[in-house]
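Asks: Which chain is which? The protein sequence lines are A and S, in order. So in this note's numbering, spot 71 of the first sequence is number 71, and the numbers just go up one at a time. So in this note's numbering, spot 11 of the second sequence is number 11, and the numbers just go up one at a time.
Derived by calculation from the structure, the hints in this document are not laboratory data. Even for Gly, the Cβ is constructed at its ideal location relative to N, Cα and C. Misleading hints may appear alongside valid ones.
[As the list claims (entries may be wrong)] Ranges between beta-carbon positions, derived for each pair:
hint: 1; chain 1: A; residue 1: 245; chain 2: S; residue 2: 438; range: 48 to 56 Å
hint: 2; chain 1: S; residue 1: 394; chain 2: A; residue 2: 27; range: 21 to 29 Å
hint: 3; chain 1: S; residue 1: 456; chain 2: A; residue 2: 49; range: 55 to 63 Å
hint: 4; chain 1: A; residue 1: 96; chain 2: S; residue 2: 483; range: 47 to 55 Å
hint: 5; chain 1: S; residue 1: 394; chain 2: A; residue 2: 96; range: 23 to 31 Å
hint: 6; chain 1: S; residue 1: 103; chain 2: A; residue 2: 206; range: 26 to 34 Å
hint: 7; chain 1: S; residue 1: 652; chain 2: A; residue 2: 96; range: 24 to 32 Å
hint: 8; chain 1: S; residue 1: 456; chain 2: A; residue 2: 245; range: 48 to 56 Å
hint: 9; chain 1: S; residue 1: 448; chain 2: A; residue 2: 203; range: 32 to 40 Å
hint: 10; chain 1: A; residue 1: 111; chain 2: S; residue 2: 394; range: 32 to 40 Å
hint: 11; chain 1: S; residue 1: 127; chain 2: A; residue 2: 96; range: 57 to 65 Å
hint: 12; chain 1: S; residue 1: 193; chain 2: A; residue 2: 294; range: 58 to 66 Å
[To be verified] Derived SDA-like pairs (lysine to any residue); straight-line CA-CA distance at most 20 Å:
hint: 13; chain 1: S; residue 1: 481; chain 2: A; residue 2: 206
hint: 14; chain 1: S; residue 1: 486; chain 2: A; residue 2: 121
hint: 15; chain 1: S; residue 1: 486; chain 2: A; residue 2: 190
hint: 16; chain 1: S; residue 1: 378; chain 2: S; residue 2: 481
hint: 17; chain 1: S; residue 1: 481; chain 2: A; residue 2: 191
[Claimed, not checked] With the Cβ distance kept under 8 Å, some of the chain S side facing chain A (calculated, not the full set):
hint: 18; residue: 433
hint: 19; residue: 463
hint: 20; residue: 466
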Amino acid sequence: MKLAYYPGCSGQGTSAEYERSSRAVCAALGILLEEIPDWSCCGSTPAHACDHVLSAALSARNLSLAAAKGADRVGTPCPSCLANLKTARHRMEDPTFRGKVNALLDAPCPDTLPDTVSILQVLVEDFGVDAIAEKVKKPLAGLKIACYYGCLMSRPADVMNFDDPENPMALDRIMEALGAEVVPFSMKTECCGAAMGIPRRDISARLSARLLETARNFGADAVVVACPLCHMNLDLRQDQASKASKSAFNMPILYFTQFMGIALGLASEDLGLGKLCVSPTGLLQKMQNAKAAADAKAATDAKATTDAKKAEAKAKAAKAEEGQA
Amino acid sequence: MKLGVFICHCGSNIGGTVDCAAVAKAARAFPDVVFATDTMYTCSEPGQDEIIATIKEYHLDGVVVASCTPRMHEPTFRRTLERAGLNKYMFEMANIREHVSWIGKDKEANTNKASELVHIAVEKLRRNVPLFSKSFESTKRVLVIGGGVAGIQAALDCADAGLDVLLVERESYIGGKMAKLDKTFPTVDCSSCILGPKMVDVAQHPKITLMAASEVTNVAGYVGNFTVTIKKKATYVDWTKCTGCGACTEKCPAKKTPDKFNEFVGPTTAINIPFPQAIPKKATINPEFCRQLIKGKCGVCAKVCPTGAINYDMQDENVIETVGAIVAATGYDLVDWTVYGEYGAGHYPDVITALQYERILSASGPTGGHIQRPSDGKEPKSVVFIQCVGSRDKSINRPYCSGFCCMYTAKQAVLTKDHIPDSQSYVFYMDIRAPGKLYDEFTRRAMEEYGTQYIRGRVSVIQPDGKGQYIVRGADTLLGKPVEVKADMVVLAVGIEGAKGAAKLAETLHISYDGFGFFMESHCKLRPVETNTAGVFLAGVAQGPKDIPSSVAQGSAAGAKAIGLLSKPMLESDPQISVVDIKRCVGCGKCVKVCPFQAIVEQDIRGEKKAQVIEAVCQGCGLCTATCPQGAIQLSHFTDNQILAEVDTLCRC
């Protein structure tokens, strides 16, 4: 499977571990990512908040570059980039809008621009959950995980065209395929505060705290995310959420690609686990303990069977001896 | 031939955009027209009297009225002609209202078009001949389909009037949705206490034959003489022997059978009697869960049955019955609310439908009338009601109001407070629709005396908080603020649609239905219980959302229509049917194949095969006429010559 790849700016900085683990997982599964040459920023939140045409032009430039390389689809890990790239293409179906965008570009973009998909969608729909399950080497047995999708991944529904906008299941299905127990987390698509963390830290702290508290109520050991900004609010700013809600959270927040990497047995330096603010050590320990317990049980069971067999053989031999005597 | 033409102004309805006097003037130039005039209201008494007087004065042979749609007043004017001594088929109508004045603003163009339509009608009328009905006997027996409260009322009224009634019910019991309700608004009286006696009346009425666990699968024939095929579904219990003692239900080991009557709130047994007051009080085996029927091992019920009524080999059985009229009262089902992911898509145990809540409230329900949450059996202290779940929602193609949810929600809030005095109920609503007698007063009582908090706004999401409660988040549009309520239980006022299978039944009955499974009445205001198929009437929610009093009223109305129809000693046949010209017929048999009513048979005339129309069965659809390669079958009143004359006139205009 081949895919034009748009890493996005946050992948170069704050979410480098998401970027790195996405590449590692795709490589391990045989999905070839071809980075778009000379890609530029999609404009992120500021661009579309100021000017739709300008924002679309930034996305259109990247999509044109991908089209020039013959790509019919672009994959990106970041939902915010995804939303911008997809929305730009959607808006440019209107010829007037398209004209305005083309006026800003060095050259008008081609008639058909490639569609954009999230790496999550590629893994769930193209590669397939069953195929992922087959590749698992170290199951996430014993872990309870809350799946948090954020606002953007499946919404607006008619643009994103992916999963259920109110009750998405993609992450749930992947985590189950990896052997984890998925808790019935009810705030899958609630807002974490997003970019409000900069102008109004109190808002993002309050909203993030609510997510963390609900995940804890459901007994989650960790929260899995698919968005750099969600990750920042829940992981980097977890202390702020703790202070805002007067509770001490210690909830590891991992990207789904990191969990996948762990389960596929990839090297931890490829997954960037060391970049996480809330340490996943306890989590990994719990996984190992669960495995050790399972192994021990298996060993005891096996020993019990061998012992039973031995005893049986002994008894038989004794009987035979008796018979001879 | 002498013809008269009357152009109706219909007040300003037609006169506003059509020059009626000019149309009348133009009509005087059409062949055979000896009189033409314009009148203000042709359908009024003076208007009709004028037609009669003119017929007599000018010795007219036929009349054209240019006014509204023939669906509205063709029968009216035909009667006028009969009163004047003319054959009623010597009449033609030109629709210059719906087809002209209401759809165009250009007066000149409208006037031209109206003149052309009148010209067409005149040319058709010149080729009309008097037609005569034949009379035939009808079967004095009524089929009522659906044993809910509407069907029960229709059955009882017909039976009391002396007609034999066949009441067919799909489930194993009658009572329909009303039998599942705990109390009824606005009086809060017990549903089964007011419905129960009516159900008993049905069972005991000597004129009513009750066929429960049965379905109508085919309807042939015509008004007065329908031949109906009814499938009696296998219940695996011989109801002639079953006494309803319940010994089998106590011993049945398949105790995890889904309980449809209790809306799946709790489990039941594979053999069961749905509720204590069930009519008929007979046991039925659910074959999907009966161990004997699945695995061939068990047979406990057969062992304990004191009358030997259990029969595991029972098969479905088809019965054929003849009836003169049919009342369709098939009721409703709930909209599939699991499409709402934001309400948990059916995965949250304590988010239930209002109908499930009725079963929880009911003393004969799975919790014995104690309000308990399905998840842990605890008594909820905070209950949120959400209205319009699947009603008035274009996004799921259910744009209509389900009619009675506002009222039962108020009732359920009142009952919640009665059961649990320290509880608090919240109702999220769009508008409170309480237009019935004592209805608005009742909703006010729920608010003012029972302290129910009414919040005007929609709920955006229900979220379990992980500690056993649900966060209900919505908008209070009166305050203009978002609100959050912590709830122990959420009750959804789920909207309704036509009963499952209603569309199929409508096709069997040859009646129309809408996109939501509701049957179409003949006229939404003036013929609300009739259908466009003679002899088939509608009652209850099958026709559209309505509450119990309206359903009962419509049941009585449909019953009265059936009684009226069958009280005539003889019925008149419609002479607008196909006629075979034996000389032209080559016996190819194509008409026999296309006839949707099996009204054409082959006959042998002097060794030659010829088509023959069974007059009583022919519905006058005209398929055979269009199919016949020889033009040998002609539809009376719509012959090829008549239609060609109309087309010809239009082409020459």
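Asks: Going by Cβ atoms only, is residue 433 of chain S closer than 8 Å to chain A?
Replies: violated (27 Å)
Asks: Are residue 394 of chain S and residue 27 of chain A spaced within 21 to 29 Å by their CB atoms?
Replies: At 47 Å between Cβs, range violated.
Asks: Closer than 8 Å between Cβ atoms is the bar; does residue 466 of chain S clear it against chain A? Give me holds or violated.
Replies: holds (3 Å)
Asks: Starting from the range 55 to 63 Å, see whether the pair residue 456 of chain S and residue 49 of chain A falls in it by beta-carbon distance.
Replies: violated (32 Å)
Asks: Checking one constraint from the list: CA of residue 481 of chain S to CA of residue 191 of chain A, max 20 Å. Satisfied?
Replies: Between residue 481 of chain S and residue 191 of chain A the Cα gap is close to 18 Å, so the pair holds against 20 Å.
Asks: Quick one: are residue 394 of chain S and residue 96 of chain A within 23 to 31 Å, going by C-beta?
Replies: holds (28 Å)
Asks: Starting from the hint 48 to 56 Å, judge whether the C-beta atoms of residue 456 of chain S and residue 245 of chain A obey it.
Replies: Since residue 456 of chain S and residue 245 of chain A have Cβ atoms about 31 Å apart, the given range 48 to 56 Å is violated.
Asks: Indicate whether the distance between the beta carbons of residue 245 of chain A and residue 438 of chain S respects the range 48 to 56 Å.
Replies: holds (49 Å)
Asks: Note whether the CB distance of residue 103 of chain S and residue 206 of chain A lies within 26 to 34 Å or breaks it.
Replies: Violated, since residue 103 of chain S and residue 206 of chain A (Cβ atoms, about 59 Å apart) do not stay within the stated range.
Asks: Look at the Cβ atoms of residue 652 of chain S and residue 96 of chain A and judge whether their distance stays inside 24 to 32 Å.
Replies: violated (50 Å)
Asks: Falls inside 32 to 40 Å, the C-beta gap from residue 111 of chain A to residue 394 of chain S?
Replies: holds (34 Å)
Asks: Within a Cα-Cα threshold of 20 Å, do residue 486 of chain S and residue 121 of chain A meet the stated pairing?
Replies: At roughly 34 Å apart (the allowed maximum being 20 Å), residue 121 of chain A and residue 486 of chain S break the hint.
Hints 2, 3, 4, 6, 7, 8, 14, 16, 18 from the earlier list are contradicted by this structure; the remaining hints agree with it.
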